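If you want the building blocks of each chain, they are given just below.
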Amino acid sequence: MGTAPAQLFPEFLVETFGLPGVLGEVVAALIAAAVVGNIVLAFTGVAGPWAKRKITAAFTDRIAVNRVGPFGLLIIPASAVQLLAKELIVPEGVDRPAWDIAPVILPASALLGFSVIPMGRLGPINFHLADPEVGFALVFAFASIASVSLVMAGYASNNKYSLLGGLRAVAQNLAYEIPLIVTAMSVVLFAGTLQMSGIVSAQTTTLVTIAGFDIPAWYAFVNPFAFVLFLTANMAEIGRNPFDIPEAPTEIVAGYQTEYSSAYFVLFYLGEFVHIFLGGAILAVTFLGGASGPGPESIGFIWFVVKIWGFFLFTQWARSALPRVRIDQLIEIGWKGMLVLSFANLVLTAVIVGVIA
Amino acid sequence: MSSDQPFITDESQVVTETRDARMTGQGDRFNSRLREAFGSSPFILTKFDKFLNWCRGSSMFMLQFGIACCSIEMMHTYAVKHDLDRFGSGVPRASPRQADVMIVPGTIVSKFAPRMKRVYDQMPEPKFVVGMGSCTISGGPFQEGYNVIKGAEEVIPIDIHVPGCPPRPEALVYGVVKLQERVANGEAAPVTVKPYELEEFADLERDELVDKLADQIDDDELVMRYNFADSP
Amino acid sequence: MSLERPDTTDDAAIERTPDELEALLGDLVVKRDDHLNAPGFVIRPDTVQETLSILKEQAGYDHLSVVSAQEYENRYESIYHLKKFDDPTQEVSVVVPADKDDPVSESAEPVFRTADWHEREAYDLIGVEYDDHPDLRRILLPETWQGHPLSMDYDKDRPQIATLPEHANPLQEHHKDDESDTMFLNIGPHHPATHGVLHLKTTLDGEQVVDVEPDIGYLHRSEEQMAQSGTYRHQIMPYPDRWDYISAGLLNEWAYARAAEDLADIEVPEYAQVIRTMGAEMCRIAAHMLALATFALDVNGDFTATFMYAINDRERVQDLLEDLTGQRLMFNYFRLGGVVWDLPEPREEFFSKTRDFLDQLPESVEEYHNLVTSNEIFQMRTIDTGILPPEVAKDYGATGPVARGSGVDYDLRRDDPYGYYDELDWDVVTEDGCDNFSRLLVRMREVEESAKIIEQCVDLLEDWPEEERNIQANVPRTLRPDDDAEIYRAVEGAKGELGIYIRSDGTDKPARFKIRSPCFSNLQTLPEMANGEYIPDVIAALGSLDIVLGEVDR
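So the sequences go chain by chain: A, B and C.
Under this note's numbering, residue 357 is the last one in the first sequence; the count climbs by one each step, no gaps.
Under this note's numbering, residue 232 is the last one in the second sequence; the count climbs by one each step, no gaps.
Under this note's numbering, residue 554 is the last one in the third sequence; the count climbs by one each step, no gaps.
FYI, nobody ran anything at the bench for these hints, they're computed from the structure.
Since we're looking at a predicted model, the values are computed, not measured.
Accuracy of the hints is not assured; some may be wrong.
No more than 27 Å apart at the CA atoms, straight line, and that leaves these computed lysine-lysine pairs for DSSO-like [claimed, not checked]: (1) B:212 to C:156; (2) B:81 to C:353; (3) A:52 to B:81; (4) C:31 to C:100; (5) A:52 to B:178; (6) B:178 to B:81; (7) C:156 to C:509; (8) B:178 to B:50; (9) C:452 to C:353; (10) B:212 to C:100; (11) B:178 to B:47.
Pulled a few chain C residues facing chain B out of the computed Cβ check, cut under 8 Å [stated by the list, open to error]: (12) 218; (13) 225; (14) 329.
Note that the Cβ used here is the ideal one computed from N, Cα and C, for glycine as well.
From just these sequences and the hints, can you work out the full model?
Written out as C-alpha cells, the structure is:
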C-alpha cells in the first residue's frame with residue numbers, strides 16, 4: 001500500500017500531449033472518459049446481439065447466428081441499426097418526461113460507475129479515470145441509481161405489467177443492496193481504504209505458495225464466504241437469473257420495458273448489459289485482484305477484460321440453467337438470509353482483522 | 001399507436017393493390033423521412049436505404065406468439081435441430097413493441113381476430129407477418145367452421161405464406177429466409193386494409209344485428225364485424 | 001357447495017345391475033334409454049340434482065365425465081355421463097329431455113362442480129338453458145354471438161360481431177376505488193406463458209392472486225361441427241390429430257377409433273392393436289416432453305437448456321413417428337378397424353432405431369432430474385404450490401396426470417382396458433403431493449412407463465409371424481351404424497380421459513359428435529389451485545396442468 005498511486009488516464013493524456021492549464025485537464029478528462037466509455041459500450045455491443053446468443057446457444061446445443069458475416073459477427077451492426085431504425089411508439093397516457101428519461105438513466109448510471117474502476121494497464125496507458133478517496137462508496141452509489149430508472153419506467157409506462165416489474169425492481173434492490181454493501185465493507189476492513197487503487201494493490205501480495213505457484217491474496221481466496229455472498233447479491237443487484245424477476249418474460253411479459261420500442265428499448269438493453277459488466281468490474285476489483293494476473297503489469301487490462309467477461313459468462317450460464325425464484329422467496333432470502341450472513345461476515349472479519357492488526 | 005393511417009375500405013382496391021405490390025415488388029413500407037424531404041432519391045440515400053434494408057433483413061426479432069398446432073412446429077423451428085437463430089431471426093420477444101416479425105401459427109377464430117389485430121397494431125413499423133399453415137391462408141381444414149376466419153389475411157396483411165398442415169420446420173425456415181430476402185431487396189406488400197377491421201361500434205352501419213346488440217355494446221367499444229356470407 | 005360429500009359407504013363400491021339402479025332411483029326414472037356403453041335413465045328436467053346426488057352418494061358414481069347436449073326434431077336433450085373413479089367400466093347415463101320451445105333443465109352444478117363449464121358449453125353451442133346455474137354465460141363464443149351454432153336452425157352465413165372489450169391493461173382511474181386495493185390484470189390471450197391463446201382474468205392484491213377466471217374460446221375451431229359433417233370411414237379421422245396437437249395425435253385418433261369401432265361393432269386385429277399401442281405411447285412421450293419443456297419455460301423463464309433438451313428428445317420421437325406414419329405432427333394413421341399401413345420397411349431398421357431411442361431415454365430422463373427436479377430453487381418454486389386436493393380434483397372431473405398427481409389412481413389404460421395394454425407389464429404412476437411438483441413428476445415417470453410399453457411392443461412385433469400381420473379388419477366402404485345408437489367411449493389421452501360421444505342416425509355421418517376433452521375439465525381447477533398464491537405460482541400451476549388450447553376449445 002506504500003506505493004504511489006499509478007498515473008491516471010487523464011493525467012497521462014495531459015503529460016503526453018502537453019495540454020496546458022485547467023482547460024487542458026478538462027479536455028483530457030473528456031477524451032479519457034470518451035475512450036473508456038466507448039470500450040465499455042463496445043463490450044456491450046458485442047455481448048448484446050452476438051455473444052449472448054452464441055453463449056446461450058452453446059449451452060443448449062445450438063449454433064446461433066452464423067450467416068451474417070464471419071461467425072455471424074455482422075449481426076451486431078445489423079441488429080443495432082435495425083432496432084434504432086424502427087418506429088418509436090409512444091403509447092397513449094405515458095407519463096412524460098419520466099417515460100423518456102428512464103431509458104437514459106439506466107445506461108448512464110452504469111457508465112458513471114466505470115469512472116472510478118481501475119481497469120489496469122495496457123502498455124503505457126492506465127485505464128483508470130479517477131481515483132477519489134471514497135471511490136468504493138461512489139461506485140455502489142452510481143450502480144444503485146439504476147433502480148430509480150426501473151421504477152420510473154415501470155410507473156410511467158401506464159401498463160400494469162410494467163408497474164409490477166417496477167415494483168419488483170424496487171423490492172429486489174432494497175433487499176439486496178444492503179447485503180451487497182455490508183459484504184463489501186468486510187473487504188474495506190481488510191484493505192483499510194475506500195480508494196479503489198488501494199483495494200486493488202492490497203490484493204497483489206502473495207497469500208501462499210503451492211508447488212511453486214504463487215496464489216495471490218485476492219479476497220476471493222482470503223474470504224471465499226464473502227465472495228459467494230457478494231456474487232449472489234451482485235446477481236440480484238443486476239437482475240440476472242435466478243433473480244431476473246423484474247423482467248420475468250413468462251410472468252409479466254417484459255416487466256418495466258414492456259412498452260418500450262426502438263431506440264428506448266436499445267437504451268434499456270444496453271443499460272442492462274453495461275450493468276452486467278459493471279457488476280463484473282466491481283466483483284473483479286473487490287475480490288479478484290482487479291487487473292492483476294500472470295505476466296507483466298502492462299497487460300493488466302487484458303486480465304481485467306477476461307475477468308469481467310468471465311462474469312458475463314457466469315450470468316449467461318445461470319440464465320440457461322437456473323429457475324427463477326419467486327418474488328416473496330427472493331425478499332425472504334434477501335432479508336432473512338443474506339442480510340444476517342453479511343453482518344455475521346462483517347463482524348467476523350472485524351474481529352479477525354482486529355486480532356491480526 | 002401505429003394504426004393511425006387512414007384505412008382504405010374499398011375491397012376491390014385492396015385486392016389489386018396487394019397483388020400489384022407482390023408483382024412489382026417495391027413496397028412503401030419503409031418510407032424514410034429523409035427520402036420524403038429530398039423528394040427524389042439521391043445516390044447517398046439509395047445506398048443508405050440499401051444498408052437499412054440489409055440490416056432489417058439480417059436481423060429480425062420475432063414475436064413470441066403461439067396460437068394453435070403450428071406453434072408446436074414453430075417451437076421446434078426455434079429449438080435445437082432447426083435453430084432459426086442461425087439466420088439472425090431467432091430472438092423471440094414477449095412484448096409486441098420490440099418485435100419485427102409476427103409468425104401467425106394457427107387458426108384464427110372470431111373471438112381471437114380482434115386481439116390479433118390489436119397485437120399487430122402494437123408492433124412498431126416496419127413490421128412483417130409470416131402466415132404459417134393452411135389455416136392462415138384459407139382457414140385450412142376448418143374453413144367450413146362457423147367460427148373460423150377464412151385466413152389471417154382477412155384481418156392483417158401477410159407478407160409470406162407458408163403452406164402446410166402444419167408446415168415442417170424446414171418450410172418455416174424457408175419462409176423466414178424468403179422474407180429476409182424480400183426485405184433485404186426492399187420488397188414488401190404494402191399495408192392495406194383487410195375486410196375485417198377493428199372499428200368503434202357506433203361507426204357500424206345500422207342493420208338488424210347492430211340494432212339488436214345496441215343495448216349490449218357501448219358506442220365507443222371496439223368491435224369486429226364478420227360478414228361470413230361474403231367470405232371466400 | 002350446498003351438498004356435502006358424505007362418507008362413502010360400502011354400498012358405493014358395489015357394482016349394481018341396471019335394474020337395481022332403476023329401483024334405487026325409483027319414481028325419478030321416466031323411462032329407460034340404454035346406450036351401447038351404459039344403461040340410460042330418462043328423467044324429468046326438474047329432478048336432475050336429486051337424481052345425480054342419489055347416484056353420486058348412494059351408488060358411488062363420483063365422476064361426471066361429460067355433459068353432452070343435443071337438439072332433436074321434437075326436443076332438446078342433455079346427457080350426463082357418469083362413471084366411478086374406482087372402476088370406470090361402471091357407467092350410467094342420465095338423459096334429461098327439455099322442451100323444444102323453452103329448453104330449460106335443472107343444473108347439475110351443485111352436485112358436480114365440473115358441470116359448471118360443461119353446461120355453459122351446452123348453453124353456448126346448443127342453446128339449452130340450465131336453471132340454478134351459478135353463471136350461465138357463453139363460454140366458447142364471443143358473448144355478442146347470435147344463435148347457437150349446433151342447434152338445428154342455425155345459419156352460419158349470418159354476420160356476427162365480436163367485441164374487444166377494453167378492460168384495460170393501462171391503469172385507469174376507475175380501477176382505484178376506496179374499498180379495495182386490488183388490481184385487475186389480463187393475462188393473455190397473447191402472453192408468453194398461456195401456452196396458446198388462453199385469457200386469464202386475474203384480480204391481484206399486490207403480487208397475490210385474489211381471483212383468477214380462465215376465459216376460453218380463442219381457439220374454438222368448431223371441431224364438433226367438422227366431425228358431424230364428415231363421414232365415419234375416412235373424413236373424421238384427420239381431425240382428432242388437431243384436438244390435442246402436441247404430438248398426441250395417435251392417442252386422440254384412438255379415442256375416435258374406439259368409439260366408432262364399438263358403435264359399428266368392428267373387431268380390430270391383434271397385430272394392429274400392438275402397433276396402435278406402440279404408436280400411442282410414443283405420442284405420450286412426445287406430449288409429456290413438451291409438457292416438461294413448457295413447464296421449465298414457465299418456471300425458468302426464457303428459452304433455457306431444459307426447454308431445448310426436451311424439444312430435442314421430442315425430435316427423436318417425432319422421427320420415429322414420422323417413419324411410422326409419414327407425418328411429424330398430424331399423423332392420420334389409424335383407420336377404423338386397424339391402422340393404415342404396416343411398419344416401415346426395412347422393419348429391422350425401424351426396430352433398431354426405436355431401441356436406440358429407448359436406450360438413450362433413461363439417460364435423458366436422468367439429465368432432466370439433475371437439471372430440473374433435483375434443483376433446490378425449482379423445488380422451492382413448485383413443492384407445495386398449486387395445491388389440488390384429490391376430493392377437489394374428483395369433483396372437477398380432473399383426470400390424467402393432474403388427477404394422478406393428486407393421488408387419484410385413475411388410468412383408463414388399466415381400468416377400462418383397450419388396445420393391448422392389459423397384456424403388457426407396466427404400472428400406473430401416482431404421486432401424493434397434490435402440487436405442481438407432483439404433476440411434473442408423474443409425467444416424467446410416465447415417460448419411463450411408456451418406454452417400457454414400447455419396448456414390449458417392439459419385442460412382440462419383431463417376433464410376429466409374417467403371415468399373421470393383419471393391419472386392418474374388413475370394414476365396409478361406407479359405414480352406416482344403426483339408427484339412434486348412442487355410445488360414449490373414452491381412452492387415456494396424454495392429458496387424461498379423452499372421450500367421444502356419438503349418436504348415429506342411420507346415415508354415414510354422425511348426428512351428434514361430442515368430444516370430452518380432459519383439458520377442458522382440468523383447466524376448470526385452476527382457480528382452486530391459484531387463488532391466494534402469487535403470480536408466478538399461477539403461471540407454474542397453469543404450466544403443470546399442461547393444457548392444450550386446441551383441446552380445451554375444440
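Structure-based check of all given hints:
no., hint, result
1, B:212 to C:156, "18 Å, holds"
2, B:81 to C:353, "18 Å, holds"
3, A:52 to B:81, "19 Å, holds"
4, C:31 to C:100, "19 Å, holds"
5, A:52 to B:178, "26 Å, holds"
6, B:178 to B:81, "20 Å, holds"
7, C:156 to C:509, "19 Å, holds"
8, B:178 to B:50, "17 Å, holds"
9, C:452 to C:353, "16 Å, holds"
10, B:212 to C:100, "24 Å, holds"
11, B:178 to B:47, "22 Å, holds"
12, 218, "4 Å, holds"
13, 225, "6 Å, holds"
14, 329, "6 Å, holds"
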